Amino acid sequence: MQTKSIIAGLALALLTSTAASAGDVRVMWYSDGVEGEVMKDLVDRFMKENPGINVILDNVAYSVIKEQLPVQLEAGNGPDVARVTAIKDLAKHWLDLRPLVKDPAYWDENFGDKADWMRPDGSDQISGFMTQLTLTGGFANKTLFEQAGVEMPGPEATWEEWAAASKQVADSQQVPFAMAIDRSGHRITAPMLSYGVNYIGEDGKPAPLDQGAKDFLTQFVNWTEEGVFAKDVWVSAAGNTYRAAAEDFINGQLAFYYSGSWQVANLTTKIGNNFDWVATGSPCGPAACTGMPGGAALVAVKYTKNPEEVATFMDWMAREEIVREFSERTLFLPAHKGVVEKGGLNFQTDNEQAKAALGTFVEASKATSETALKLPAWRWADTVYAAIVTRVGQTLAGELSLEDTFARIDADIAQKVKDAGL
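When the letters of the sequence shown are read in order and numbered with this note's numbering, they come out as residues 1 to 422.
What the hints contain is simulated information worked out from the structure, not anything from laboratory work. Just so you know, not all the hints are guaranteed correct.
Derived DSS-like pairs (lysine-lysine); straight-line CA-CA distance at most 25 angstroms [as the list claims (entries may be wrong)]: (1) Lys270 x Lys355; (2) Lys416 x Lys205; (3) Lys302 x Lys66.
What follows is a list of derived Cβ distance ranges for each label pair [unchecked claim]: (4) Asp276 x Asp410: 41 to 47 angstroms; (5) Lys270 x Glu321: 37 to 43 angstroms; (6) Val417 x Pro99: 28 to 34 angstroms; (7) Val71 x Gly23: 24 to 30 angstroms; (8) Asp96 x Pro176: 48 to 54 angstroms; (9) Glu74 x Asp96: 14 to 20 angstroms; (10) Ala356 x Asp113: 23 to 29 angstroms.
Quick caveat: nothing in here was measured; it's all calculated off a predicted structure. Beta carbons are placed, not taken as given, at the ideal position from N, Cα and C, and that holds for glycine.
Let the sequences and hints guide you as you build the complete structure.
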């Protein structure tokens, strides 16, 4: 297995680091749901309209984006364009498209409110655009709740109320776990925010974990040890490796799943008519009922050998009608100002559950806390997320006490800041 992994890694590195031929644009792409199929169709149409540019679409696992792409970028390699989520953390590697795109003012007008999420601090760089906006939130297996005769908590219900109700459902219906949350620092930050956490110190650098962080993490560890949260999601991977719990929910093994809006198309496609499900918004804590905003961005990589062709491709993908079509076909919330203001998105699904879920996420976005809105553009966010995932995973595996976990999270983050010379 190790040999296969090494060979696969070398193959990918060779694939993405090979100098592009004249006219080639290599795109590294990952998918949560159906967007890879939509992207392939759009790429084919782009090439018909631009016969001198050959776009090579490499569909990869999200783990490649998270773990291998940063290594390639640090070596000055990588694809020409990539779809990424660590957009601020890797901002120094993005190409400035401002002198290359046809109409920079169009980009500023339609994508400018999120531009700081993906460019170095203090810069006016155009790095790319958000392929979608996301918001974390919960999903409940409505069928399981109904079969158990348990009333589903309301829109302002707390995490404690959801845990109690979900545990009742799991016990009644004999499903393995009541709840699950993705193994992700971004994901677990949402409930921590509802408990009052603020990662950002007065100097803009990471602050030590505050009481809000400790309160929720303590509750989460206790719930997991009591069998309320699915433990395997967090202990079946090491370090800051991402693992979603979507398949557990899809297979009817969970009463409640905390993930985000990007899962709507995935759940719609894979659950079908197997059971009824609803989006719930984010449960409340003592401080808020907030989700965590974010999204994925399509960015240009500054190590490209074909910047003009990359800019032509990015200009085409950023066109209003293309963004609208992509959003409607993928069931993603658009990040294009013109598309949002004109409204009337015709999400291409006959599934009423999917339509209702998208409406729930749009409504839930209105409750997003000010602290949450600051994090996507904060350069240290991914550093904090990684430290939390790594150390909480070790705690759930029985390797660390909670007090040690808190101390090591702070130490890990402080070391990263020191390593950056700050």
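Violated constraints from the hint list, given by number and in increasing order
5
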